[in-house]
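Asks: What follows is the residue order along each chain.
Number of protein chains: 2
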Amino acid sequence: MPVLVMKFGGTSVADLDRIKNAAEKVRREVERGYDVIVIVSAMSGKTNELVGWVTQTSHLYDAREYDAVVSSGENVTAGLMALTLQEMDVPARSWQGWQVPLKTSAVHAAARIEEIPRDNLDAKFAEGMKVAVVAGFQGIAPDGRITTLGRGGSDTTAVAFAAAFDAERCDIYTDVDGVYTTDPRIEDKARKLDKIAFEEMLELASLGAKVLQTRSVELAMRYKVRLRVLSSFEETGDNSGTLVCDEEEIMESNVVSGVAYVRDEAKMTLISVADRPGIAAAIFGPLAEAGVNVDMIIQNISEEGRTDMTFSCPVDQVARAEAAVNAAKEAGEINFHGLVADTDVAKVSVVGIGMRSHAGVASKMFKALSNEGINIKVITTSEIKVSVLIERKYMELAVQALHDAFELEKA
Amino acid sequence: MPVLVMKFGGTSVADLDRIKNAAEKVRREVERGYDVIVIVSAMSGKTNELVGWVTQTSHLYDAREYDAVVSSGENVTAGLMALTLQEMDVPARSWQGWQVPLKTSAVHAAARIEEIPRDNLDAKFAEGMKVAVVAGFQGIAPDGRITTLGRGGSDTTAVAFAAAFDAERCDIYTDVDGVYTTDPRIEDKARKLDKIAFEEMLELASLGAKVLQTRSVELAMRYKVRLRVLSSFEETGDNSGTLVCDEEEIMESNVVSGVAYVRDEAKMTLISVADRPGIAAAIFGPLAEAGVNVDMIIQNISEEGRTDMTFSCPVDQVARAEAAVNAAKEAGEINFHGLVADTDVAKVSVVGIGMRSHAGVASKMFKALSNEGINIKVITTSEIKVSVLIERKYMELAVQALHDAFELEKA
Numbered sequence: 001m002p003v004l005v006m007k008f009g010g011t012s013v014a015d016l017d018r019i020k021n022a023a024e025k026v027r028r029e030v031e032r033g034y035d036v037i038v039i040v041s042a043m044s045g046k047t048n049e050l051v052g053w054v055t056q057t058s059h060l061y062d063a064r065e066y067d068a069v070v071s072s073g074e075n076v077t078a079g080l081m082a083l084t085l086q087e088m089d090v091p092a093r094s095w096q097g098w099q100v101p102l103k104t105s106a107v108h109a110a111a112r113i114e115e116i117p118r119d120n121l122d123a124k125f126a127e128g129m130k131v132a133v134v135a136g137f138q139g140i141a142p143d144g145r146i147t148t149l150g151r152g153g154s155d156t157t158a159v160a161f162a163a164a165f166d167a168e169r170c171d172i173y174t175d176v177d178g179v180y181t182t183d184p185r186i187e188d189k190a191r192k193l194d195k196i197a198f199e200e201m202l203e204l205a206s207l208g209a210k211v212l213q214t215r216s217v218e219l220a221m222r223y224k225v226r227l228r229v230l231s232s233f234e235e236t237g238d239n240s241g242t243l244v245c246d247e248e249e250i251m252e253s254n255v256v257s258g259v260a261y262v263r264d265e266a267k268m269t270l271i272s273v274a275d276r277p278g279i280a281a282a283i284f285g286p287l288a289e290a291g292v293n294v295d296m297i298i299q300n301i302s303e304e305g306r307t308d309m310t311f312s313c314p315v316d317q318v319a320r321a322e323a324a325v326n327a328a329k330e331a332g333e334i335n336f337h338g339l340v341a342d343t344d345v346a347k348v349s350v351v352g353i354g355m356r357s358h359a360g361v362a363s364k365m366f367k368a369l370s371n372e373g374i375n376i377k378v379i380t381t382s383e384i385k386v387s388v389l390i391e392r393k394y395m396e397l398a399v400q401a402l403h404d405a406f407e408l409e410k411a
Numbered sequence: 001m002p003v004l005v006m007k008f009g010g011t012s013v014a015d016l017d018r019i020k021n022a023a024e025k026v027r028r029e030v031e032r033g034y035d036v037i038v039i040v041s042a043m044s045g046k047t048n049e050l051v052g053w054v055t056q057t058s059h060l061y062d063a064r065e066y067d068a069v070v071s072s073g074e075n076v077t078a079g080l081m082a083l084t085l086q087e088m089d090v091p092a093r094s095w096q097g098w099q100v101p102l103k104t105s106a107v108h109a110a111a112r113i114e115e116i117p118r119d120n121l122d123a124k125f126a127e128g129m130k131v132a133v134v135a136g137f138q139g140i141a142p143d144g145r146i147t148t149l150g151r152g153g154s155d156t157t158a159v160a161f162a163a164a165f166d167a168e169r170c171d172i173y174t175d176v177d178g179v180y181t182t183d184p185r186i187e188d189k190a191r192k193l194d195k196i197a198f199e200e201m202l203e204l205a206s207l208g209a210k211v212l213q214t215r216s217v218e219l220a221m222r223y224k225v226r227l228r229v230l231s232s233f234e235e236t237g238d239n240s241g242t243l244v245c246d247e248e249e250i251m252e253s254n255v256v257s258g259v260a261y262v263r264d265e266a267k268m269t270l271i272s273v274a275d276r277p278g279i280a281a282a283i284f285g286p287l288a289e290a291g292v293n294v295d296m297i298i299q300n301i302s303e304e305g306r307t308d309m310t311f312s313c314p315v316d317q318v319a320r321a322e323a324a325v326n327a328a329k330e331a332g333e334i335n336f337h338g339l340v341a342d343t344d345v346a347k348v349s350v351v352g353i354g355m356r357s358h359a360g361v362a363s364k365m366f367k368a369l370s371n372e373g374i375n376i377k378v379i380t381t382s383e384i385k386v387s388v389l390i391e392r393k394y395m396e397l398a399v400q401a402l403h404d405a406f407e408l409e410k411a
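Note that the protein sequences, when read in sequence, are chains W and Z. Counting from 1, one number per residue, gives the positions in the first sequence under this note's numbering. Counting from 1, one number per residue, gives the positions in the second sequence under this note's numbering.
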């Protein structure tokens with residue numbers, strides 16, 4: 001039997017009615033001939049409640065106990081989903097992480113999946129089970145204690161099962177109906193994409209399109225798991241949602257697939273830094289240790305042995321970044337004449353695998369922004385992405401202008 | 001190290017403050033030199049919520065999924081209790097049933113404990129763990145699925161651990177401060193007992209003193225586990241609560257230890273039943289199949305080959321009992337001339353191991369009731385108990401009169 005993995009997030013299993021609605025979608029896939037592995041999150045709100053109890057009990061909590069407590073939400077949903085399917089005469093049973101077993105590292109609260117042996121589920125599928133409902137987000141450490149996978153853990157669980165069981169596809173049911181060319185709240189001509197390449201999805205995800213967690217897309221890319229994002233709350237069929245897949249499956253892609261943005265960025269410049277080997281490490285080491293998520297890094301042309309070093313980070317990390325570089329200066333590790341923080345910028349990016357073979361994307365982007373009178377403060381590029389920092393007040397305008405310029409409303 | 005088992009019920013761990021209060025009691029026992037095994041229930045209300053979801057999802061639910069869902073409540077409390085103890089610098093960790101493992105039969109939702117291997121907990125105690133916080137009410141079936149133990153499961157878990165680990169004592173923390181000579185709401189002279197024998201506790205428990213589940217007392221009696229009932233909500237010390245123990249530990253017991261009652265009983269009489277071998281089985285077989293909890297059974301003197309058969313059962317099972325015996329009559333399995341149901345009776349009992357060696361308890365009881373003008377409808381006796389059925393409106397009066405007659409207010 002071909003295997004299909006279906007994952008339902010917290011809002012998709014928020015109450016018994018929604019669990020029933022999700023189970024109905026599972027039943028249809030069983031009727032179409034699939035053995036189905038369903039991955040469920042906790043009912044929405046439940047995990048937050050459990051996390052709240054843990055953090056109220058202990059500020060520096062033992063992550064092993066955190067995992068034991070927090071994983072219980074998924075167990076409840078898995079059992080209820082199995083019961084709901086049984087009521088529909090679908091042979092189903094629930095599996096907790098340790099029962100499968102989903103083996104992970106011992107890094108509690110942020111464990112990595114190491115192995116999913118197929119034996120137990122395969123044996124039950126062979127006996128007639130049609131659906132294995134697996135509690136997402138959890139596994140078992142080498143010492144037998146329960147682990148959780150951290151942020152995005154349920155999506156990652158789903159992709160890992162799809163890889164382990166050679167699933168035909170991994171369907172991620174969520175509260176949006178797919179991946180769009182840009183945020184429809186900003187650009188009402190935004191169009192849902194039928195397909196998008198893994199690499200593009202990674203750039204869009206990390207740039208703020210919060211449909212799929214980066215980690216699950218990376219895993220899907222590595223194991224070539226075809227990933228589909230679609231809505232729990234609409235009638236869905238074969239062509240619903242957006243398929244995230246290998247670029248070879250995308251026949252004629254647009255040069256640019258989407259426009260992404262990050263609203264609350266800051267641009268920081270260290271003025272007149274001594275330009276010597278190791279200087280970048282001397283600056284960004286302390287920033288990393290301070291937990292600053294540095295995004296873009298630009299080193300300006302060096303003059304007389306000194307250079308300006310610019311980087312961007314989330315605006316709420318500016319104070320931490322300033323403290324870190326000032327401490328490094330006082331410790332004599334780096335030297336600079338001044339530190340300028342511009343907390344009033346946003347990042348806008350165009351993303352597309354077609355860029356690899358088409359020149360002129362960057363210049364078209366700069367021209368579109370220029371036509372709107374938008375000044376570009378910083379530019380960075382990768383193989384499939386061009387990003388700029390601009391004044392925050394122009395962000396929506398820039399997204400709309402770029403969406404138009406690349407004609408993303410057209411399929 | 002001597003081992004102590006401490007069990008906290010749902011009201012004792014109902015929120016984070018109460019968990020802290022319970023943990024404080026655990027910490028004190030650790031400081032006194034014990035290795036402690038703590039058994040916790042789910043926060044009060046949680047299990048009912050989970051059971052509600054299961055029964056709303058499926059009327060004839062799969063008990064295996066019921067167990068997977070319902071057991072999650074105890075896992076949450078176990079983790080939170082371990083964290084709370086760690087905050088108090090007590091080395092503690094949580095254990096779910098399958099991690100210990102607490103091995104049970106495969107009878108889901110009503111599993112029997114089969115074995116608790118000591119190796120895992122002993123190894124951790126040897127490494128310096130001072131408290132093992134175990135999720136009560138749950139275990140693991142031979143096939144690796146989660147089981148629950150059914151009604152009274154957490155008390156039973158506690159006693160089973162005490163037996164397996166040769167615990168010095170098993171302390172059951174609850175919302176009452178011990179076992180009383182009778183219900184203090186009926187008789188304000190009721191006195192808390194310092195000690196009570198297992199056999200007496202069994203009679204009191206099954207007669208309505210709902211402090212301990214019968215099943216856990218039976219287990220404690222079999223393995224001679226000293227069981228102490230005491231309050232979570234009071235300062236407790238060495239002599240708090242009531243010790244339920246082997247009668248050898250009770251030096252000078254009163255002839256009568258307590259007066260128990262069951263308010264809502266019914267007395268049913270089958271008039272003129274053919275008195276032949278097998279007739280009792282023919283009557284009580286169908287009643288058992290119909291789920292009627294028959295308590296007393298009295299067969300009157302036979303006249304001319306026919307007899308009257310009287311039994312008692314809870315008043316809310318009368319309709320079911322009538323249907324069962326009438327169906328048996330129609331099927332030709334039994335024959336009787338009439339069926340009289342008296343739904344207006346209560347049962348009052350005096351209980352005491354001292355009765356074994358003291359005559360005259362029954363006559364003293366009957367005299368006390370007679371002095372109050374209370375008519376006795378049915379009498380049954382056992383080695384350590386005399387029970388009567390009386391009109392329900394005299395129940396409180398009877399309890400008070402018997403408490404006085406046997407001078408139970410005196411230690």
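Do not rely on the hints blindly, as some may be mistaken.
[Claimed, not checked] To list a few chain Z residues with every Cβ distance to chain W over 10 Å, as calculated: (1) R18; (2) E65; (3) A78; (4) E87; (5) D177; (6) I186; (7) M221; (8) E248; (9) R276; (10) V315; (11) A341; (12) D344.
[Claimed, not checked] No farther apart than 35 Å at their CA atoms in a straight line, the calculated lysine-lysine pairs in the DSBU-like style are these: (13) K195(W) / K377(W); (14) K46(W) / K364(Z); (15) K46(Z) / K25(W); (16) K46(W) / K377(Z); (17) K195(Z) / K393(Z); (18) K46(W) / K124(Z); (19) K393(Z) / K410(Z); (20) K46(W) / K20(Z); (21) K20(W) / K46(Z); (22) K393(Z) / K103(W); (23) K20(Z) / K192(Z); (24) K367(Z) / K192(Z); (25) K103(Z) / K46(Z); (26) K410(W) / K393(W); (27) K124(Z) / K103(W); (28) K189(W) / K329(W); (29) K46(Z) / K124(W); (30) K192(Z) / K393(Z); (31) K367(Z) / K103(W); (32) K377(Z) / K103(W); (33) K377(Z) / K364(Z); (34) K124(W) / K103(Z); (35) K46(W) / K25(Z); (36) K103(Z) / K20(W).
[As the list claims (entries may be wrong)] Derived DEER-like restraints, expressed as beta-carbon distance ranges: (37) G45(W) / E322(Z): 45 to 53 Å; (38) N120(W) / G52(Z): 27 to 35 Å; (39) E249(Z) / A110(W): 51 to 59 Å; (40) P142(W) / E249(Z): 32 to 40 Å.
Keep in mind the hints are simulated off the structure, nothing from the lab. Where a beta carbon is used, it is the ideal one built from N, C-alpha and C, also for glycine.
Asks: State for each hint whether it applies.
Replies: Going down the list of hints, with the structure as the test:
Even its closest Cβ contact with chain W, about 12 Å, leaves R18(Z) beyond 10 Å, as expected for a residue assigned away from the interface. Once the 10 Å rule is applied to beta carbons, E65(Z) is inconsistent with being away from chain W; the minimum gap is 5 Å. Interface exclusion of A78(Z) from chain W breaks down, the closest Cβ pair being 7 Å apart, not more than 10 Å. A beta-carbon of chain W is positioned within 10 Å of the beta-carbon of E87(Z); the least distance is around 5 Å.
Annotated as non-interface, D177(Z) keeps its C-beta farther than 10 Å from every C-beta of chain W; the closest such distance is 27 Å. Distance check on I186(Z): its Cβ is at least 40 Å (rounded) from any Cβ of chain W, clearing the 10 Å threshold; non-interface status holds. Every Cβ of chain W is farther than 10 Å from the Cβ of M221(Z); the closest lies at roughly 33 Å, confirming the non-interface assignment. Distance to chain W confirms E248(Z) as a non-interface residue, since its nearest Cβ pair spans about 41 Å, more than 10 Å.
Look at R276(Z): its CB is around 47 Å from the nearest CB on chain W, clear of 10 Å, so calling it non-interface holds up. No beta-carbon of chain W is positioned within 10 Å of the beta-carbon of V315(Z); the least distance is around 34 Å. Interface exclusion of A341(Z) from chain W stands, the closest Cβ pair being 39 Å apart, more than 10 Å. Residue placement check: D344(Z) keeps its beta carbon more than 10 Å from all beta carbons of chain W (closest about 42 Å).
Restraint check for K195(W) and K377(W): satisfied, since their Cα atoms lie roughly 32 Å apart, inside the 35 Å limit. The suggested pairing of K46(W) with K364(Z) is violated, with an alpha-carbon distance near 60 Å, which exceeds 35 Å. With a C-alpha separation of about 29 Å, the suggested pair K46(Z) and K25(W) falls inside the 35 Å cut-off, and the hint holds. As the CA atoms of K46(W) and K377(Z) are separated by approximately 55 Å, the hinted pair breaks the 35 Å bound.
A distance of roughly 32 Å separates the Cα atoms of K195(Z) and K393(Z); the hinted pair therefore holds under the 35 Å criterion. With a C-alpha separation of about 31 Å, the suggested pair K46(W) and K124(Z) falls inside the 35 Å cut-off, and the hint holds. With a C-alpha separation of about 27 Å, the suggested pair K393(Z) and K410(Z) falls inside the 35 Å cut-off, and the hint holds. A threshold of 35 Å between alpha carbons decides the hint, and for K46(W) with K20(Z) the separation of about 22 Å falls inside it, so the pair holds.
About 22 Å separates the Cα atoms of K20(W) and K46(Z), which keeps this hinted pair within 35 Å; it holds. Proposed proximity of K393(Z) and K103(W) is contradicted: the alpha carbons are some 64 Å apart, above 35 Å. Pair hint K20(Z) plus K192(Z) holds up; C-alpha atoms about 27 Å apart against a cutoff of 35 Å. Distance restraint check for K367(Z) and K192(Z): the Cα-Cα separation of roughly 26 Å lies within the 35 Å cut-off, and the hinted pair is therefore satisfied.
Of the supplied pair hints, the one linking K103(Z) and K46(Z) holds, its CA atoms being roughly 24 Å apart against a limit of 35 Å. At roughly 27 Å between alpha-carbon atoms, K410(W) and K393(W) fall within 35 Å of each other, so this suggested pair holds. Distance hint between K124(Z) and K103(W) is fulfilled; the C-alpha atoms sit about 22 Å from each other, no more than 35 Å. Taking the CA atoms of K189(W) and K329(W), the gap is near 49 Å; set against the 35 Å cutoff, the hint is violated.
Only pairs whose Cα atoms come within 35 Å are accepted, and K46(Z) paired with K124(W) is accepted, the gap being roughly 31 Å. Note on K192(Z) and K393(Z): the hinted pairing holds, with a Cα-Cα distance of about 26 Å set against a maximum of 35 Å. Only pairs whose Cα atoms come within 35 Å are accepted, and K367(Z) paired with K103(W) is rejected, the gap being roughly 71 Å. For the suggested pair K377(Z) and K103(W), the alpha carbons sit about 66 Å apart, so the restraint of at most 35 Å is broken.
Taking the CA atoms of K377(Z) and K364(Z), the gap is about 17 Å. The hint holds against a cut of 35 Å. Annotation: proposed proximity of K124(W) to K103(Z) holds, straight-line Cα distance about 22 Å (limit 35 Å). Only pairs whose Cα atoms come within 35 Å are accepted, and K46(W) paired with K25(Z) is accepted, the gap being roughly 29 Å. For a cut-off of 35 Å, the pair hint linking K103(Z) to K20(W) stands: about 33 Å separates their Cα positions.
The given range of 45 to 53 Å is respected by G45(W) and E322(Z), whose C-beta atoms sit roughly 48 Å from each other. The supplied range of 27 to 35 Å is met by N120(W) and G52(Z), whose beta-carbon atoms lie about 30 Å from each other. At roughly 52 Å, the beta carbons of E249(Z) and A110(W) sit within the given window of 51 to 59 Å. A hinted range of 32 to 40 Å for the beta carbons of P142(W) and E249(Z) is inconsistent with their spacing of about 46 Å.
Hints 2, 3, 4, 14, 16, 22, 28, 31, 32 and 40 from the list above are not met by this structure, while the remaining hints are.
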